[in-house]
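Undergrad: These protein sequence lines are chains A and B, in that order. Following full-length UniProt numbering from start to finish, the first sequence increments by one per residue and tops out at 432. Following full-length UniProt numbering from start to finish, the second sequence increments by one per residue and tops out at 432.
Derived by calculation from the structure, the hints in this document are not laboratory data. A portion of the hints provided could be inaccurate.
Since the list gives no way to pick out one identical chain from another, each pair is judged satisfied if it fits inside one copy or across any two copies.
[Said to hold, decoys possible] When the alpha-carbon atoms are kept at most 25 Å apart in a straight line, the in silico SDA-like pairs for lysine to any residue are as follows: (1) Lys150 with Arg116; (2) Lys150 with Leu121; (3) Lys150 with Asp111; (4) Lys2 with Arg54; (5) Lys2 with Pro290; (6) Lys2 with Met232; (7) Lys2 with Trp107; (8) Lys150 with Glu415; (9) Lys2 with Ser284.
What follows is each chain in one-letter form.
Protein chains: 2
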Amino acid sequence: MKWLRSTDTDFADSLRALTAWNETEDPAVVSSVDAIVRDVIARGDAAVLDYSHRFDGLSVASVSQLEVHQPRLQAALGAISAPQREALEQASTRIRDYHEHQLQDSWSYRDAHGNRLGQQLTPLQRVGVYVPGGKASYPSSVLMNVIPAKVAGVEEIVMVVPAPTGNINDMVLAAAAIAGADRVFTVGGAHAVAALAYGTETIPRVDKIVGPGNIYVATAKRRVFGQVGIDMVAGPSEILIISDGDSNPDWIAMDLFSQAEHDENAQSILLSPDREFLSAVSASIDRLLPTMERAEIITASLERRGAMIETVDLADAVNISNRIAPEHLELAVAEPEQWLPEIRHAGAIFMGRYTPEALGDYCAGPNHVLPTAGTARFSSPLGVYDFQKRSSIIHCSPEGAQALAPLASTLARGESLEAHARSAEYRIDTDS
Amino acid sequence: MKWLRSTDTDFADSLRALTAWNETEDPAVVSSVDAIVRDVIARGDAAVLDYSHRFDGLSVASVSQLEVHQPRLQAALGAISAPQREALEQASTRIRDYHEHQLQDSWSYRDAHGNRLGQQLTPLQRVGVYVPGGKASYPSSVLMNVIPAKVAGVEEIVMVVPAPTGNINDMVLAAAAIAGADRVFTVGGAHAVAALAYGTETIPRVDKIVGPGNIYVATAKRRVFGQVGIDMVAGPSEILIISDGDSNPDWIAMDLFSQAEHDENAQSILLSPDREFLSAVSASIDRLLPTMERAEIITASLERRGAMIETVDLADAVNISNRIAPEHLELAVAEPEQWLPEIRHAGAIFMGRYTPEALGDYCAGPNHVLPTAGTARFSSPLGVYDFQKRSSIIHCSPEGAQALAPLASTLARGESLEAHARSAEYRIDTDS
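If we strip away everything but chain A, and leave its shape as in the complex, we get:
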């Protein structure tokens, strides 16, 4: 891991180099995805079948055979262990409770002229949830993407998950059953994204596609954006921990590992004004690392992108955090509430010594889909608000129109838009 001090003269440059993440699109991937999307638009089900055969080794006669029906989802619930089912159900309940706080209502008011103004909020009608399959399986991702859509009132949630050579994880299917996915297809990759965006004979067209995936899936989501809504295209995951030096160093080391174990590009950064504590955490890392199942990935991630940063004080640490705008921010300090108003940018803030990121990843309630790579400067965790949309409501009374029309007319003529002006002016003469 790199060691930096915030008082070093080249610290600003070092910090920039440390956190730089340039996701350049791979032109070969872009053009291959483009061809797949065009093919799915043109040939629908037939194209989906071809790609499923080619990429997942699935030989079926029709896309309808790729649909996983409710009895199979219910069977998965019986197939997993009792503690696993219990954990999925409790996590699901907590995630639902939390997200219900995000539900927003239509609103309106009347102005002094009797005009009614407001917004009507409605759920998206149909949403696609992409769930990665293959070697890794993430039932928590099913809960985090399906439940907010369900809470928003989305009519139909269509989940797609690749099943290479027919293998599909029971935890994923059980999570789909618990979260309430309405239809599930074992289709993955760019052709699944294209099928959701444009619809085929069998797979319905959705209004928005959410959920993580590999580079082909991410590129396909970018490609179909505009035709449908998409959630963010995520970069590698990161954690920034601010410690006052009074936590157990083993705990902090393990919290850093929990980020680093995701993949070699994941980033774990520890900030503390306490140099001895940083050394103690470093010693914990050296001692604990050999005991970890994913020691190799953790080592590569910490080597490549990890850092210990010695700060002047906690305020200095918070300032640095605001420059980074981390996805996950852990405030392992005595009085985390005191620092909260100073936090300008962060996807999620884990407060105090008893809130490791892992609790938020699975079951505390908040969403684990968070803005990465500094995008917390302008974006938010996935939430119910991503599955509701707004229509402005404007209802002018005859008197209200009389009051507004002269303003509109003046401004429209200032922009040389005469029809706008005359359309407003017509409403001034109420005898018409």
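Once you've looked at the hints, dock chain B against the given chain A.
TA: What follows is chain B alone, placed relative to chain A:
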């Protein structure tokens, strides 16, 4: 204008063809924008100066000479006519009042274990507003983009507006003064977008860029998305009017014109179950068209993309509208409130006979930046919520962590993420 009947056997296909809008990126524009963006990243101010010279004919020694300071904005307020100033100020007040209803607060609650969960809402720190310049000038666009950011509490709003050969519109500067833009630069085009996204020596880096522009500006916004947030990239504007046949046909004709006069690709569609009324509007169009300043654009737009659609009844009209998901929907019917719950998708809904779109475009209060080309299926008008962002708050009590850690551990091990599990398990033993 096309005439369609919803009972025609090929109606679904005709409707699809009518509303199809494929904005394909122009590869030449994409590569030229890419070069400009890279150049601005590499050379900062020097690149901005070169492009301002090349595209706008501005010869200045430094970018700071392109800044328009507050005294000049105040002078513009004095230079416009009294009715214009009055209209801008009244519109501004109404837009501010409306948008204040959209401001959202941080929230949190405690669960049964004493864990605190919620979201902290904060304004974006710095926002860039792009304002088109040149032959057309849109002061209303300044109000609609700056005011929601201001209401959200954005610290600094940086406006850019091209000033070809030094010309700049007083109404635009006056609107900037009234809306509260903090800094204004006379820079436009792709290099202005790049400067806002990456910052130069003189132009500060922003967190999000909003506002309309030509194809170069739109392409540049797409290019820098991820580095900064952007608002939607808009297609041509559209209106869909549903009439019960009892409005004045001249009013409806003029409302159709008010959309068509924007540009040749703008779309105006009228739906009514009353065939005679459609004929009457057609007659009004023929009679009024020669009197319009922008008759040529209106004619081209109506020819190319306009339509009259005879529906079975009003319910049929509403169903068709939901399939189109129009940007602007005018319900010129006796009881608009009755139909509101049936409207699934629309950017803005103009209710009754006294609410032409023009009132909403300028001064009713709601935003005129709306989702186009069917994107109302999944997106919303520009609002204060586009300038606020959320950070999840999770603060576990020691007891709360005890309750959650076993769930997290079970789920993490199910995903083979051991460090996540152990990080949670540490918090079970509170003696540590």
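Undergrad: Next, verify each hint and record whether it holds.
TA: Consistency of the hints with the structure:
| no. | hint | in the structure |
| --- | --- | --- |
| 1 | Lys150 with Arg116 | between (30 Å within a copy, 23 Å between copies) |
| 2 | Lys150 with Leu121 | both (15 Å within a copy, 23 Å between copies) |
| 3 | Lys150 with Asp111 | between (35 Å within a copy, 21 Å between copies) |
| 4 | Lys2 with Arg54 | neither (43 Å within a copy, 45 Å between copies) |
| 5 | Lys2 with Pro290 | within (20 Å within a copy, 73 Å between copies) |
| 6 | Lys2 with Met232 | neither (29 Å within a copy, 39 Å between copies) |
| 7 | Lys2 with Trp107 | neither (51 Å within a copy, 37 Å between copies) |
| 8 | Lys150 with Glu415 | between (44 Å within a copy, 24 Å between copies) |
| 9 | Lys2 with Ser284 | within (16 Å within a copy, 74 Å between copies) |
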